[in-house]
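S.K.: Listed here are the chains, written in short residue letters.
There are 2 protein chains.
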Amino acid sequence: MAVYTHLGAEELARLIAEYDVGELVSAKGIAEGVSNSNWLVETTGGRFILTMYERRIDIAQLPFFLGLLDHLAAAGCAVPATIHDRSGEALREVDGKAVALIEFLPGVSPNEPTPAQARAVGAALARVHLAAKDFMPQRENDLAPKDTSRILDKCGMDALRSIDAALPEIAERAHRLVEQWPDDLPHSIIHSDLFPDNVLMLGDEVSGMIDFYFAAHDMMAYDLAVTHAAWCFDKTGELFDAAVGKALVEGYENIRPLEPSEREALPLLAEGACLRFVASRAEDWLDTPADAHVLRKDPMDFVRRWDFYRDQGAAAFA
Amino acid sequence: MAVYTHLGAEELARLIAEYDVGELVSAKGIAEGVSNSNWLVETTGGRFILTMYERRIDIAQLPFFLGLLDHLAAAGCAVPATIHDRSGEALREVDGKAVALIEFLPGVSPNEPTPAQARAVGAALARVHLAAKDFMPQRENDLAPKDTSRILDKCGMDALRSIDAALPEIAERAHRLVEQWPDDLPHSIIHSDLFPDNVLMLGDEVSGMIDFYFAAHDMMAYDLAVTHAAWCFDKTGELFDAAVGKALVEGYENIRPLEPSEREALPLLAEGACLRFVASRAEDWLDTPADAHVLRKDPMDFVRRWDFYRDQGAAAFA
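Going down the list, the sequences are from chains R and B.
When we follow this note's numbering, the leftmost residue of the first sequence carries the number 29, and every step to the right adds one.
When we follow this note's numbering, the leftmost residue of the second sequence carries the number 29, and every step to the right adds one.
A pair holds if it fits inside one copy or across any two, identical chains being indistinguishable in the list.
Heads up, simulated DSS-like pairs for lysine-lysine below, C-alpha to C-alpha not over 30 Å straight-line:
1. K263 - K125
2. K325 - K274
3. K263 - K325
By construction, these hints were calculated from the structure, which means they are not laboratory data.
Using the sequences plus the hints, can you model the full thing?
M.R.: Given below as structure tokens:
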């Protein structure tokens, strides 16, 4: 959560002039995104989010992410379209960094989601899956269990133990999960990271889904499982909200009914979702000095969820 | 530049409901303010800045600052008015912290001010001085040379030398300035910190002056000198822009002509302005670990300005 780059008013005005959106009226650096700088920009023509890509994101993949937004927005999904500049480009360069101007969408991210909100999110996710099927560019998911299990291994058992004594055993559990992982369930482009932070809502309506920078070709039911793990627990993963979970899946199935094989796989797919966040959080934890004034997210929050899915099996989705 | 507190959407919606401003539509934490958290909030009734006071600011003084905004806005100055809640209060409490809802003003802060912009800022500052004269509450300036000289002394000569070998001599120079400091020039409430960051402009028009949290009863010509030091140099204080300086003073005098004693005192007052920023930056520098990922502002940027005013004297304002 930061703005990593200072963009002066004059520089911003020059950049905005490259788009057909009127003149700059206001610009505020906003505290969103961990790998981008973002500004909420107002012009005489409307409001926009200006994103500058700082790190972590492979610039070569940006056309995939931005093209996907345009494809989904054109299909009526609640995602922001990109604004193309006067020469038709969605990406420009400022100070050697890639920038994109993106539609501003209203809404706030729920902190304590209700079943009605989860139902709407399930439906919105299903609409993305259906609309993305005819998006031609492809991107492989590089955070599937085989990848995230390797991330845990790379951390090293001693380092994992320094975070929590239980983590080395979790790395072992990850190996078994990789062997059981299915690959034959229906695919589309999936969001892969649809936490409440990445959903804007007006009351019980989804007004926007954002941050598609993990989107990739993968199993749709896996995306539903990621969203389940992200929406149905308190932060620490200790409390499961069955009503929110049930509404999420129902909302999804109202738009795209799951095949029996998908439904059966959900608990295992949810374990894979937990592995992913255990691994990325463990890696970040070890990369972040304890005194760095940055909030380190505890990987154990997702070990608890993983335990829940493993213990409950199909009951977690009943 | 940060948002220090997480405010959930539900908590924000409950807070906004205490004001007669419609329903919450959007809220973005913005990267402004060093001692506050700020959100750009949109409701069905308009746009606002929600400020949560985190530290540095003495809560007991907030009614002074907020009352001043209302007084100046009512007098037609380009400052944001505060929004009062349904019971008429400008201040509320959330999680034990004071919050205020403030009018949103358009505009962007110039990074490379032009003479036309400086002229408009000079005029806007003079209007504040005139309008503030009948604001009854008083607040003493606790960053006058006697105070800021003491801050330098408290840093200690060894610590000052660790920043720059020239700083201990500057602390001596500060003592001499305190002895020469006038007190008999015309007073009003002054802004005291009108850097370009704290001015919003639409082209050459001032659309807003913000961040009045250093406002205090003091000499008006001192405020003009602070603004001169803040607007007429490049960041490092090496390059002086005479055209910007001339336009600033002219713009001020178009609204409020300086008395001869004020004009004569300007170079000395500008030295006092430089002392203030040398002292606060030195103090922050020593408080901030070198590896804290926070930009430390170099106190020497204002030693260079100080040298300029001392060497040039009246010529700096010719």
